[in-house]
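Required output: the full structure, derived from the provided sequences and hints.
If you read the sequences in order, they're chains R and G.
At position 71 of the first sequence (counting the first as 1) the number is 71 in the working numbering, and the numbers step up by one without a gap.
At position 58 of the second sequence (counting the first as 1) the number is 58 in the working numbering, and the numbers step up by one without a gap.
No lab work stands behind these hints, which were simulated from the structure alone.
It should be emphasised that the depicted structure is a prediction, and the values quoted were computed from it without experimental measurement.
In this text, a Cβ means the ideal position worked out from N, Cα and C, and glycines have one as well.
There's no promise every hint is true.
Stated by the list, open to error - Computed footprint of chain G on chain R; a stretch qualifies when at least three of its residues, placed anywhere within it, have a C-beta under 8 Å from a C-beta of chain G:
1. 95-105
2. 169-176
3. 227-236
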Amino acid sequence: MTEPNPGKARYRDVLAIATLWIPFIAVVVTWLFWRDALPDEMPKQWDADGVSSTAPTWIMLGVTSLASFVAALVATLALYASAAPSRRSIFLGTGFVAGLASSAWLVTGSVTVVAGGTSEPNPGGWPLLAILASGYGAIPYLLSPKWIEDSPLREPVEIELAPSEVGAWSKTITVPLFAWVGLIGVAGSVVLLITMIQAGVTGGTIVAGFVMLFVLGFMLAFVRLHVSVDWRGLRVVSSILRVPLKSAQLVDIESVHTDILDPVQWGGWGYRIMPGRSAIILRRGPGLVLNLTNGKQFAVSLDEPETPTVLLMSLRASAK
Amino acid sequence: MLFRVEHASAISLAEQIAVQVRIGIVNCELVPGERLPPARDLAAALGVNMHTVLRAYSALREDGIIEMRQGRGAWVRPNAQPAFVRLTELAEQLVTEARKLGLSRPEVLQLIERT
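So, in structure tokens, the structure goes:
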């Protein structure tokens, strides 16, 4: 019903891990380049008068490379499926350690090498880079996909309707992609049209501008959708224009099930139309999938798709 | 949310729909600010008269649970928290029980003030 192992790391997690190995690799590679130019002692702290304390170079290298290595290793271990719920937080924390440690090495080493191998170089504003690098974890954090509960069927839903009982389910959903694209597009089209009119542009270009404005404005009408399941089947209607976007009668439904809908599998976000398949995808997460008798498939993202799925099954069974 | 009505029940259809909305809020299936299905749509889906749904919605509005505007539909009031809805249910039960015992409204109020 769902993915065989939803906690399994995906390519975005692997990419995030790769970014966490970069600090350790940078420390090792720069050491290989700088080892002849570095003195035995390197600056550890600076104050207003210059270098206030130093440490042996091998200790500086050991501490920074070990910290960034351990951070990368811990992050790699987070690829285990059992670590999936806290994977992003681990990436953020280990990125903080790796970023801070490697930047401390890179800043100290580079200013020392640039100053000609002295153990008391003037760092200028470079230590600020080390502070900035402490936020390095944000990169793998954003690369890694958000954790979603492993199964959309949290609780088994049972709907048994008495012969004289009628059941209907409905939910209003918002498609943020349509809202953003529509709003930005309408604003851009208006600015473009005003600029063109002021510049004295006429004819087909202006018409094309108005057509674009109309199309994008029309998209805004589909920002809020009303999804319903009842004796008529499944319907997705624009809440604003009351225009049906999709409807499937009970007799046309072959089967129905819940699944984790992935935008990658469904061709992206928003209203997707592909050969034999169409979908309304809001995010990577649970949704309802219809297999129609004509061999086509329709899917819609829903927070809790269990109830409409079970209701559709029940209504379909009683309609036959 | 799921609406189900029992046409053979002694409880009126409007009352059944209103109860479903209350339960929906108590179960957090309906959250404050969430829109209820348009009366016409819900009536068609449940096979009931549109005025039946409107009667249910009006009762919920009188209880301060939902808001309705001409042309804008109905939605759950922002302050209609599950606890508030539960309280209105208990208040209704209290009034019903008091009526059965023949207590007048001032007597019920006096009872509440004493507790």
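Hint by hint, here is what the structure shows:
no.	hint	result
1	95-105	violated (count 0)
2	169-176	holds (count 4)
3	227-236	holds (count 4)
In summary, the structure is inconsistent with hint 1 from the numbered list given earlier, while agreeing with all the others.
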